[in-house]
Each structure stands twice: as structure tokens, then as C-alpha cells.
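Guided by the hints, dock chain Z onto chain A, whose structure is given.
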Amino acid sequence: MKATTRKIRRIEPMIFVFSLILLVLFLFIFLTLSNMIFGQLLGDFTGLIKAVENSSVMGAISLSLYAGFLATLLALFLGAPTGYILARFDFPGKRLVESIIDVPVVVPHTVAGIALLTVFGSRGLIGGPLEPYIQFRDALPGIVVAMLFVSMPYLANSAREGFKSVDPKLENAARSLGAPLWKAFFFVTLPLSARHLLIGAVMTWARAISEFGAVVIIAYYPMIGPTLIYDRYLSYGLSASRPIAVLLILVTLSIFLVIRVISAGWSIYDRD
Amino acid sequence: MIEIESLSRKWKNFALHELSLKIEAGEYFVILGPTGSGKTLLLELIAGFHVPDSGRVLIDGKEVTHLPPEKHNLAFVYQNYSLFPHMNVKQNIEFGMKMKKIKDPKRVLDAARDLKIAHLLDRNPLTLSGGEQQRVALARALVTDPKILLLDEPLSALDPRTQENARELLLALHKKTNLTVLHITHDQTEARIMADRIAIVMDGKLVQVGTPEDIFENPVDSQVASFVGFENVLKGRVLSADRGLLRIETGGAVIDASGDMEAGDQVYAFLRPENIALSKTSTQSSIRNSLQGKVTEVWILGALVRVKVDCGVSLNALITRQSAEEMDLSPGVPVYVQFKASSVHVLR
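First to last, the protein sequences are chains A and Z.
When we follow the numbering used here, the leftmost residue of the first sequence carries the number 863, and every step to the right adds one.
When we follow the numbering used here, the leftmost residue of the second sequence carries the number 1383, and every step to the right adds one.
Hints were generated in silico from the structure; no laboratory data involved.
Virtual Cβ for every residue (Gly too), placed ideally from N, Cα, C.
So the derived label-pair ranges between C-beta atoms look like this:
(1) K1498(Z) x V886(A): 57 to 63 Å
(2) P943(A) x S1402(Z): 38 to 44 Å
(3) L958(A) x T1509(Z): 42 to 48 Å
(4) R985(A) x S1390(Z): 53 to 59 Å
(5) L1491(Z) x L958(A): 49 to 55 Å
(6) D1578(Z) x F1048(A): 37 to 43 Å
If you want the footprint, here are the derived chain Z segments under chain A, 3+ residues with CB under 8 Å:
(7) 1455 to 1461
(8) 1516 to 1528
Just chain A, with the same shape it has in the complex:
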């Protein structure tokens, strides 16, 4: 008869307590979302199908995804250079600049919406002069600007951490080999911080499509997903708004899963 051995692993009390806390946190998120999703799938599946077939619902969800995508592109365009400067240089007032970039995360989003309206509204600092060319109030540009404002810190901070993780000596080596700074950036620094930028972009996009408070003030129409959910809830109650909420969650979760799978291989470039 074969002797069997049992592995006895000692678990530190602190690790046991921390693991329990992790479980509580996991259940808090999982139960909240799964209760709604499974409640809809098992209790009212036809409601979900109707929501899929409803063009205004799918239009609002598509608009959320599209506006979020545009906001993320703009955030990349603005956040990556910002992150690079913050990662590579020290300058007077740097701490202040970093704090200001983080402000949109802590400001209540309705306040952000009102602030944006005063700048991008038809009589605003920027919206006024641009009124003949581009309209922000109750239009796609307004939605994008609101999404950009609340989600930008995620990209700027992630880009900064990404560029910080690339040893400046690698850029120096590239430059001594004949690369001008811009080539050293695009051929060395950028590929090595790509994973940080991707994570930042995904977080930015996620934050953008979940935004409601700021968007609803500057552009109630055309309705994005969260605005439509809110509108249906106020007009028709929970049963009318829940299928749209579930649909929005399922669509965004699927996209995030695909991005995670695609980006998994990028970790070989991660130098952390």
C-alpha cells in the first residue's frame, strides 16, 4: 500500500484575516452585480430580449461606447505626453500640477458637469467662441468632454507610472546610438510602457462609459446608456430600467474580457 503524505501548510493569522476580508469585498461586488444580472436572466429574460431589440436602447449603449472611445483617444493624446513630462522632469509646481490632474476624481460629478457647462456652454469660455463651429450642449462633443474630464486622471497617472518604470538610461542608450529624442520615445520608451498605457486606457474608457453625473448636466440628449437607465427608472420604474442596466454591464464586461485576453501577452515587456 502506498503511503500517502499530506502537506501541512501553516497559515499566518494575519493572512487568514486578510483573506476573509478579500472574500467579503469580492462578495460585496459579485453579489450586487450577479443578483441583478441573474435576476434579469432568470426572472425576466424576455425583458432583456426586448431591450436588445429596442433601437433606442441599443443606440444609447452604442453612443456610450463610442463617446467613451473618443474620450479615451483624446485622453491618450493628452495624457501620454503629460505623463511623460511628469515622469521625467522635476519643475517648480510639479506637485500642484499632479494634484490638479487628480481633482476630477474627487470632485462630485454633478459639480464637474456644472463647471464644464460654464466653460463649454454656449456662453462659456470655450463653448462661446466655438459656438458657430461646434456645439457642446446636448450634443456628442459635450458628452465626450464630460467623459474626458472625469476619466482623464486614470490615463495620465497610469502613463506617468509607465514612463517612470522605463529606465532613462535606455533612452540615453538609444540616443547614443543615433536616435533623436522622438525616435527614442517611439521605439524604446513607448513600447516598454505600452501595458501601463493600455491599462490606463481601459480604466479611462470604463470610467467614461459609466459616467452619468457630469454628462447629464451638459448633455441630457442624445441619451447615453446611464442617462437612458436613469430616464427609464424615473418614468417607468425598476423593471423598465433593469434590462438596460444588465445589457450595458454584459456588453462592457465582454469588451473588457476581450481586451484582457489580447493584452495578456504584453506583460513580457513589463519591466516592473
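For chain Z alone, kept in the frame of chain A given last:
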């Protein structure tokens, strides 16, 4: 040829002060200094990674002080080699060629063969040993045929055996290509073995320039002397001077030394521990100094033993472990400390 004129730069905790230096074409020049003395900053200034606060850098007679690094036309190898981790070895070597628009794939293979890394071309650099990474970094730096090679502590990340091979490789490369090499290190042995000339940099200042013999036998001051291994430093006064033989009173002992000081001069006498012999008896010989004392401490350092002896002044001697065992040395044992007058380096 590299010329540095009155170069000053303050950066973070480092500062260089009015540093001037001329490195001839084809020379293997080593900048030696303790950690934190500003050596890497100097190298980065020459490479153009920093702009000096004042002063000029000239390469082959052309001023490059304010030109970007890619216009300095030199190769730079960092201590950690700075290979691009997202490119394989071949792509690393090709990088400089692509940047300089050199289309000659044969060059990559030739460089890889010269440095014995042809079998590693498809590997990721992070999977290579330290010695292999260094050879890739050298291939990458040399494939574009630069005239000047800057090396930042190139051997310090290697184990002792690989260091020896790398030293031979660098010297062979230098001989073959006739490159001007500027190599910085804190390791005296490395500097002594490799350099045609050495510059000592301490606290951001150039303290001494000379051949290895100049630097190691005739240090200009007490700071350099103690850095290059003169561990025993005695402060004293010249009692008499007769045809180059000095008699120096150093606190608790009187020693003989060679030098051209005069009686009454306040001096420092420097003595290397390896130039001191220990004996149980005072033998008559040409050795001019034989001081009676007692062993105070004994440290075993592998095959060697460092012995501290109080002979009026405290002196460190470095002897073999066998000798220490044969003499049965331990704290309290009486010994004679012997050294030649010519082993004592005297400075005012």
C-alpha cells in the same frame, strides 16, 4: 580625441567643478574615483545627456557641448548594459544601424561573430548571462563604427571570472580597432591593468592625471594616496635629510624614508600594507626600518592575513596566512615591523 575645458555641472547630489582634461585619439583612458565622485555625470556630459553649467566639450576638435547626444557620434555602454528588453539580440544590434540609416546586414553578423554572440541573435537579452549581455552591448555600440567608446563601470556587474574575460575582451577590442576608450571605474586594479593613462576624480574635482605608475606610486596628496591603497598614513616632521634619505619623527616612532624634503618640514608618510614584513627577530639587512611592537589585531582574509601592530604608531601589514601561522601571530605577540625606506611615499 576628447577635450574637456573647465567643465562644471551641478545635478542632484553630484557636482563637477572646473574639470579640464584631454584624451588623445586611440588612448585607453580610465577615470578612477570613489562612488559618488561624479564620474558617471562626467561621462554623461561628454555623451551629451546633460548640458554643462559652464565649460566646453570638444570631440575631434569640434565643439559638441550643446549638441544633442545623437550628434556626438560616440558609443556609450552603461554599467547595466541598457539592452532593449522588447527587442531580441539581433534587433538590439541593428538599432544603431537603423537610426543612422546604415544598410549592411553583414555588419551585424560580423560584429556578432567578433564578439562570439552569433548563436544568441534570436534570444531575448534578459535571458542572457552578464558576460553575454555585455558582449551584446559592445556589439550594439561598435557596429556603427564609432571612433570613441564610453564605458560606465563596464565590469562591476560581472562575477570575478567573467570580469577577467571581459577585461581581456575590452583590451583586445581596443588594440584591434584603435578606438579612443574612456572607461570609468572605482576599481583600482581594473584601472591599473587597463589604462594607458588614469585621471583621479574626487568630490567632482580632477585631482591627478598620469600613467598608472604615476598614480599608484606617486599620488599627489593624502586623499589620492589613501584611495589608491596607501593604508598607513603617518603625520610627522622631518628630523634630518641627507642625500635623499629622510629621518621622520611620527609621533611614537622614527622612520627612514626617501624623498627630497628638508629638515623641519611637516610631512605625511604613506606606506602600503603589502610592503610591510613582520619578523620575530630584528635581522640585519638593507631594510632601513625595523620597529619593535606588539600585534593588536589579526584578520584572516582568505589566503592573506591583515595584522595590526602597535609599534609606537599603529601600522597595518598584509602577509600570507602561512607566514602568520608559522609565526603563531595573535594579539599580544611581540614582532618586528620591517619596511624599506623606498617603500615610504612622502608628501608635504
